[in-house]
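Colleague: Now for the letters of each chain:
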Amino acid sequence: MVPQFSALLRSVGHVARVRPRFAIGYGIVVATLLAALLAPLVAPYSPIEANPAQFLQSPDWHHLFGTDAVGMDVFSRTVYAPRIDLTIAIAGTLISAVVGSVIGALVGYYSSGRGVRVWLAYGVMRAADVLQAFPVFVFAIALVASLGQSIQTVVLAIAFVNAPIYLRLMRSQVISIREMRYVEASLVAGLSDMRTIFRHIVPNAIGPVLAQLSVNVGWAILLTAGLSFVGAGVRAPAPEWGSMIAMGFQNVVTGQWWPSVFPGLALAVSVFGFSLVGLSIEVFADPVKRRGLLRDMETARKANGARATRTVAGVGP
Amino acid sequence: MNLLLFIGRRLLFIAPQLLGIVLVSFMLVKSIPGDPAVLMLGPTATPEAIASLRNSLGLDYSLPVQFWIYLQHLALGDLGTSWQTTRPVLEDLLQRFPATLELVTLGLLTAVVIGISLGLASAFNRHGVLARIADFYGLGAGSLPDFWLALVLIFVFYTLLQWVPAPLGRIDIAVIPPNPITGFLTVDCLLTGNWEALRSALGHLLLPVMTLGLINAGPILKMTQSTMEKILQSDFSHYQVLCGIPHRMVVRHALHNALPSVVTIISVLYGYLIGGAVLVEIVFSWGGAGQYAVQGVLNSDLYPVLGFVLFSAIFSLFVYLFVDIIYFTIDPRIGH
Amino acid sequence: MHAPVAPGLLPGRAAALKITGLRVEFPTITGQSKVVVRDLDLAIGAGEIVGLVGESGAGKTTLTRSILNLTPTPGRIAAGSVCFGGLDLLRLPERDLQRMRGRDLSVVVPNPRGELNPLLTVGKQIVNIARVHLNLDGKAAQVVALDMLRAVQIPDPERRMKAYPHELSGGMAQRVVIAIALVCSPRFIISDDATSGLDVTVQAQILALLRQLVRERDSAMLFITRDVGIAAHFCDRVAVIYQGEIMELAPCEALFLSPRHPYTAMLLAAFSHNPRLRRGWSGPDTAPRQDGTQPGCVYAGRCPRAQPLCVGSKPVLGEVTPGHWARCYFPLETA
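Sequence lines, in order, name chains E, A and W. For the first sequence, the numbering used here begins at 1 and goes up steadily by one. For the second sequence, the numbering used here begins at 1001 and goes up steadily by one. For the third sequence, the numbering used here begins at 2001 and goes up steadily by one.
Don't read these hints as lab results, they were simulated from the structure. No false leads were slipped in.
Okay, derived cross-link-like pairs now, DSS-like style, lysine-lysine, Cα gap no bigger than 27 Å in a straight line:
| id | chain 1 | residue 1 | chain 2 | residue 2 |
| --- | --- | --- | --- | --- |
| 1 | W | 2124 | W | 2162 |
| 2 | W | 2018 | W | 2034 |
| 3 | W | 2124 | A | 1230 |
| 4 | A | 1230 | E | 289 |
| 5 | W | 2018 | W | 2314 |
| 6 | W | 2034 | W | 2314 |
| 7 | W | 2139 | W | 2124 |
| 8 | W | 2034 | A | 1230 |
| 9 | E | 289 | W | 2034 |
| 10 | W | 2139 | W | 2162 |
Please read all numbers here as calculations on a predicted model, not as lab measurements.
Based on the provided sequences and hints, a complete structural model is requested.
Modeller: Shown next as structure tokens:
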């Protein structure tokens, strides 16, 4: 058990050396999660209390990222923001992934043959077409507006606009897998449709969905921030990156860049981290890309080895 | 011959799809709390005035009846009236849609130029400097919020350097714009030979187009890269290498095969950006269609939203149709 | 360490291609590398067809690609040389080697429909090769391509020139691939399992055609297959490869009539209809695959005749009778 674990650790080390970007990605994601968890310990000021005497102070040692137009500490707010942004993004993505995948698996399984369920599956797909033909952003804003503005409704809106992605992904996977012999075998063995789908098909189809998850969390963060930016998401003074950028908007034009630039930077970096993690999952899951990774690891190792043996080789005949 | 059949079959699906889109958006906007009559007349209105306005707006009918009335008007080319601008939605949109389209088209063109050239450079030389830049760019561009990048660009190029005009609208207030012919400011300026207005319009276009171009180059670049990589790893590219075909030619043939995916991502972006550029529109006070629709949603103004959704849906449908025609000419396997 | 002479060139023949000490490795995630082709020596004479027989995973395809210095990723050539026309292909600059591929050395690939560019017509793809390698202008290349399609006996070649790969049958596509391989009259051809997946009748036609074209042009050929029967009919000499090592190399008749290596005997028994032979040699393949780090013979784990010596040290490929080579301490007696 223990030697296996250390071998695993060594492999992780090798991968990190050849693809530092993966290490960076995981580092960013962990750091963002830590910021969300430990915000009260890290932030020097309250994220929602304004000190009107100290508005629009440029960054210094007291206020690392300066203060905004009403005198709130930008650094503290930036550190607290992932609590809201990550919660919304992760919750929204998970809901859309679960709902989308389940429906996608059913629709894919019943996509051919005859009977009412086939018609239902067809109807679901056309409905997904309609949803995807919508301008995403306007649709999301309308959803939030119609359900009432709150964190829960933003989560729902994100789940709603993302669900068709998973639906299609899962459907196309299931359609190709359901032709496999082991699916036939499971049906012949007397398992019900549902058990066949969830015991034998879904586990084999889940790979691309998992790779999509992390990337999608990044998108969801962007969408959350965008909604807040137009005033349809999280409301100020709750610390959220998008609404912080919106609050600082007017100040940027007149030269006080810090209330907008820092939260935007934090937002961009964390989305970047999530897409790097998504990329790494994609590489590990795809045999062709994994081979490329292996080759690079080999070259790196050889370069290391050459450096180590060069001194020894000099002694030879 | 085959092509016509193909297009015909596609068009057949469009009508029910459009109906579905209108229905969903109708229900959605109707379910937004807030009474348009109250909003229109303001807080001082008497109950009688509100009641009579509700009556004249048809708000007293049941939802299906309201929808039916809307459809009847739609058939006559009447998209309703916006209570915010108090003008017919069709007129508003005809004025604003070209503004959005101009912005989005130029932005997308910029993105295509950046994305494809970087993608190709990295495909030709997998380990070159450009490939490294492209890798980083492809990862980074998708992570930037467009409205934030717009702000940073404004800060650098307007506030600090003073190279571009203030981010307010499509043209300087002091400059008299040409009479709208096509609705695209730059085209109209060219047609009327109004060079001063053209200069101003281009100056205002620069930053938003750069924002959209820089951000949307990411997905195009990634698609170009990943498709090219997949094709260069595919059997037939390996076979061409085995046959001693020069690297340049192998890459060229791979590009030919990658074209459908690249065209697809471009078209998807085009459709998406009509509504997706709204944040950039807001930052630059562009006065485009997306901004109009968002204002509509935030103020329970039903008809502008419906009109915008319809416009953009029809636009996307045409883009996709165009893409299908491109596919048809690229790939001999389609339609046989 | 290796056999002093390249094993088994027939007397009086000059080698068209000579592989010496070739070793190809693939890295694994744990950091060790897996040797896929191990210290392989082989010479092929002009006008000769040498078969390479082995089960899947024996390293056949890796070997073909490595001859052209195109080892599939992430593998790499760790040692050895491939001599062709006085040049070592593995040390040639990529530019020069690229000009030789398809012109002086070409490959006939299996599953040809996946190997052809789906967006170009068949004619265009042959013309392309001709233009690249023979410096022909468009018109002359067109003529050459059409002649080549005739030579591979495609019916109605003028019409086929304008066909796309997806419009061809498997046999037809295989002929096109042969046409591409032969259009520059290469001196060395590798046929990589070229007829697998075809109907038996089509297979026979294609093989006959291939042999005729090779003989006409006096080219050398390495014929790779999993089918022992085809090798027996088709080749002048046959090499049996197992786990990246040549186990036995002999003229066709000698190999099939009196195999000396136990692995060859087992392989033949598996294809045989003789019940006694089959019973004697076939058994479940349950022995763990060796990765070559062990000292002994790579076949020792599966070999019914293995002795302690076989596990302890590795036999070399030695000449048992003139022209007949086997890598075994205890070769079978001639029948």
